[in-house]
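Work the whole structure out from these sequences, hints included.
Just so it is clear: in the sequence shown, position 371 is 918 by this note's numbering, and no numbers are missing.
Rather than coming from a laboratory, the hints here were simulated on the basis of the structure. Any given hint might turn out to be false.
Unchecked claim - Label-pair restraints from in silico Cβ distances: (1) 799 / 729: 37 to 47 Å; (2) 681 / 784: 24 to 34 Å; (3) 792 / 673: 22 to 32 Å; (4) 843 / 969: 35 to 45 Å.
As the list claims (entries may be wrong) - Straight-line alpha carbon distances no greater than 27 Å define the calculated BS3-like cross-link-like pairs of lysine-lysine that follow: (5) 777 / 860; (6) 792 / 693; (7) 828 / 860; (8) 673 / 584; (9) 734 / 828; (10) 919 / 828; (11) 787 / 734; (12) 919 / 860; (13) 828 / 584; (14) 777 / 634; (15) 792 / 691; (16) 660 / 634; (17) 693 / 787; (18) 792 / 777; (19) 693 / 673; (20) 660 / 673; (21) 805 / 787; (22) 872 / 860.
Glycine residues also receive a C-beta, built at the ideal position from the N, C-alpha and C atoms.
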Amino acid sequence: MALQLLDLLSPSQPILYTSIFSFLDPPDIVRLLATCKSLQLFKYELWNINRSLRRFVDDPLTFRTLMARHNALVSGSHALQFLARVKWPESDLDVYITGEEGLRAFANHLMEKEGYSFSPYNWQSKEAITAIPNRNAERDAFVKDKFDNADSDWDTFDDTSSEAALYTTSEIDGVFNFVHDTNPNRKIQLISAKGVPLNAILADYYASHIFNIFTWNRAYSFFPYHTFRKSHAFYTQQLKGSSQKGVEKYKGRGFEFKPYGNFHKCVKNCPFRPHRRVGDKYCWVLDLDTYGVDDSEISVPQDVLETSTWGMKMHYSWWSKDENKRLFRAGSHIDIQYSLWYSECDSMHIYRSPSTFKHARIIDNHSGSWIKFIETMQNTTGGLSQYLIQFSESKPKDWKGPGAFWMDSEFASWYQFWETSLMPYDNIWKWQYPMLDGHSEIIVGGIPQEEQMDTLEWKEHMWAFP
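What follows is the structure in structure tokens.
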């Protein structure tokens, strides 16, 4: 019988399939797996999350159970390595968590079960059990002392402790380093994010290539085409000391860093667009093997993350009377814009009124109609058994039941309605992004640019496994 491709790619022949897949980048592997149901068997083997985590923990299933229980996610270098199927030496594991309970649970697990010790900055308490609850007070005292006593030539980014303290004053309120007792190359950072873990990533990452995450059951890449096909990274912040070091590190790994520019050639179907959502068609979404993970105590439903939205502002526009048309100018970097709506269960923050969500939310505030629609839906529920504004997914509310005023279960249907019926008419699509309308007056280098789609790279759902 003639030898078939499926014979070579049989899971029982690891020497053969490992050699073949090692020559393919992630987009090509995804395409190959999509050609045949039999090849779907390779998905969990090629992206084996437990094997990946064993670089840092001996028991990845318990670690992922903690991730599910405390709504943690992994990002940074390791998430990128996992999706790219590469391994870089001297990289750590960045775990993003919200809330003191989750921080304590992970810290105790690492020290009691995985052989790690807490490695504090010089301004932190020596014991993690003390440093975690006192993280804000200790940081503030350190920063105040530095500013009160610093010489004029004090460079905050030339000192790791100083940089870490200032780093935690934005959307991160604590960074806790753990080093393995017998293998110092094993390093894990527990990063305490404000509101939700995704907040720290959207607020603090400096370029598009590191916008990759995985939860206990799913991995996401926000800009897969440019990250994995082109090895391009676009700036999302003005560079500072730490991010400049990161740029040089990733240049050494083959990435090319770019400003967005006045015009971006992937045009209408480009993922750098004014409105994005976690898990949308521009993302690569990869389901992970969850066998053996205890998901009985999931703290936050999946759709809270997958209805997280953000805006991206790349252009400024104005009407030119002389040329009788709207002109556009690109910014120095892509500006990621969103609002964090805290949970009404979070006693540390003041909530907007009315407060209707049990879980904190990341909401695009660049597309103004989305926030207005949410507020309209909130304001039309006051004590009524039905919404004054209804659509097909609206459900009756029992306002006397437990948690009656929490509308988290409705949020996904609100978004679906807005995305389909209202988003296409938002003014941002015309006023800030010339390529999204394909106007003939868009000129680059004196050459008119036509709106085209690279069907090979940008076919809808190409990135998602069936």
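We went through each hint and held it up to the structure:
no.: 1; hint: 799 / 729: 37 to 47 Å; result: violated (29 Å)
no.: 2; hint: 681 / 784: 24 to 34 Å; result: holds (29 Å)
no.: 3; hint: 792 / 673: 22 to 32 Å; result: holds (27 Å)
no.: 4; hint: 843 / 969: 35 to 45 Å; result: holds (38 Å)
no.: 5; hint: 777 / 860; result: holds (22 Å)
no.: 6; hint: 792 / 693; result: holds (23 Å)
no.: 7; hint: 828 / 860; result: holds (19 Å)
no.: 8; hint: 673 / 584; result: violated (53 Å)
no.: 9; hint: 734 / 828; result: violated (34 Å)
no.: 10; hint: 919 / 828; result: holds (24 Å)
no.: 11; hint: 787 / 734; result: holds (24 Å)
no.: 12; hint: 919 / 860; result: holds (19 Å)
no.: 13; hint: 828 / 584; result: holds (21 Å)
no.: 14; hint: 777 / 634; result: holds (19 Å)
no.: 15; hint: 792 / 691; result: holds (26 Å)
no.: 16; hint: 660 / 634; result: holds (25 Å)
no.: 17; hint: 693 / 787; result: holds (19 Å)
no.: 18; hint: 792 / 777; result: holds (21 Å)
no.: 19; hint: 693 / 673; result: holds (20 Å)
no.: 20; hint: 660 / 673; result: holds (20 Å)
no.: 21; hint: 805 / 787; result: holds (16 Å)
no.: 22; hint: 872 / 860; result: holds (20 Å)
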